[in-house]
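J.: Chains as they are written, first to last, in our numbering: chain A, 1 to 214; chain B, 1 to 97.
What the hints contain is simulated information worked out from the structure, not anything from laboratory work. Some clues are possibly wrong.
As the list claims (entries may be wrong) - Computed cross-link-like contacts, DSBU-like style, restricted to lysine-lysine with a CA-CA straight-line distance of at most 35 Å: (1) B/K69 <-> A/K126; (2) A/K192 <-> B/K67; (3) A/K132 <-> B/K42; (4) B/K96 <-> A/K30; (5) B/K59 <-> A/K126.
Stated by the list, open to error - Reference excerpt, derived from the structure (chain B facing chain A, CB under 8 Å, subset only): (6) A21; (7) V32; (8) C33; (9) K43; (10) Q49; (11) D51; (12) L53; (13) K60; (14) T61; (15) A84; (16) Y86.
This structure is a prediction, so every number in the text was calculated from the model and none was measured. Where a beta carbon is used, it is the ideal one built from N, C-alpha and C, also for glycine.
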Amino acid sequence: MLMLRITVVFLISLVIPFGSICYAHPVPYKGAVGAMTWNQSFMSDNWLTYSFRSNMAAAGRFMRMVMPDGEFRYNGAQLDYLAYRSNGVGHQANLYLYAGAGAVHFQNNTGGAAFYGLEADIEDRKRFAMLKVEQMNSSLGPDFSHVEGRLGIAPYEAEYNEIASWFMVQAQWHPSLVRKFAVTPLARFFYKSALWEVGVSTDGDWMLNFMFHL
Amino acid sequence: MQKLRTLLVFIFFTASFELLAKEITVNVNGMVCGFCAQGIEKKFKELAQVDSLKISIEKKTVTILTKGKQDISDENISELLDDAGYTVAKIERDPKP
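Turn these sequences into a full structure, and let the hints guide you.
T.: This is the structure in structure tokens:
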């Protein structure tokens, strides 16, 4: 148990400094506490979630975005809503909506911002596709628009007690950041409630992401 | 002597079945990965009746072994799976009620 704790703390300490984006369900299951961190050189996105219903979660969101005129930070509260889920015999598909508000910090000024978005995904044991569209309107600096898509395949069908591996390609478009467009091949691994991802974009930017549920 | 032997074997098997735990196998729709199925394990382990459970992503089943002869109702199973974000396709019990 102590070793597990040390390992988790070590992994988090590796991930957090790299400052991100990737994917995990914004509403895992009723009663779940989740931590998700996506890290890239031009953006990092950190979520802490608590699912108080099977289709709704409260979240704290902490973002860092590197814009041409400086670093932009957002700290806000958010409500995640599972608007639709299809549970098939061999697949699952989801549509999430989320909205929130918070404080922004840019060029030594502090202001307010509203954040809203949607995320849709479909997966079976071998294939995965995801689309995310989100927008932040702030009282400071430029607004933040973000469109992200992912396609993935699993080289083998992992059982519950095995480490699962996926190979994915992620494309991101965010015109207000220093890196307006990024394509990142990445590898995803997960074991039970812990998931981690590592990738390098075609421009050489590292990606390091980590998620877990309690 | 033969009758006594048959009677003893019968009593032994009857007693054994009485002592055996109940096994409930639930076919689950939407369970495609271990990262998501972990919620199912957590939800079922909250139940006092559950002794152990086994999840098979391949078979899309959750097999629950209950303590003693305790049972878990279909409604309770459906509710737990709903909380975890999944839907029940089929529930089977061994031994059958």
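J.: Now look at each hint and say whether the structure bears it out.
T.: Here is what the structure says about each hint:
no.: 1; hint: B/K69 <-> A/K126; in the structure: 39 Å, violated
no.: 2; hint: A/K192 <-> B/K67; in the structure: 25 Å, holds
no.: 3; hint: A/K132 <-> B/K42; in the structure: 28 Å, holds
no.: 4; hint: B/K96 <-> A/K30; in the structure: 31 Å, holds
no.: 5; hint: B/K59 <-> A/K126; in the structure: 15 Å, holds
no.: 6; hint: A21; in the structure: 21 Å, violated
no.: 7; hint: V32; in the structure: 5 Å, holds
no.: 8; hint: C33; in the structure: 6 Å, holds
no.: 9; hint: K43; in the structure: 7 Å, holds
no.: 10; hint: Q49; in the structure: 19 Å, violated
no.: 11; hint: D51; in the structure: 18 Å, violated
no.: 12; hint: L53; in the structure: 10 Å, violated
no.: 13; hint: K60; in the structure: 7 Å, holds
no.: 14; hint: T61; in the structure: 11 Å, violated
no.: 15; hint: A84; in the structure: 4 Å, holds
no.: 16; hint: Y86; in the structure: 6 Å, holds
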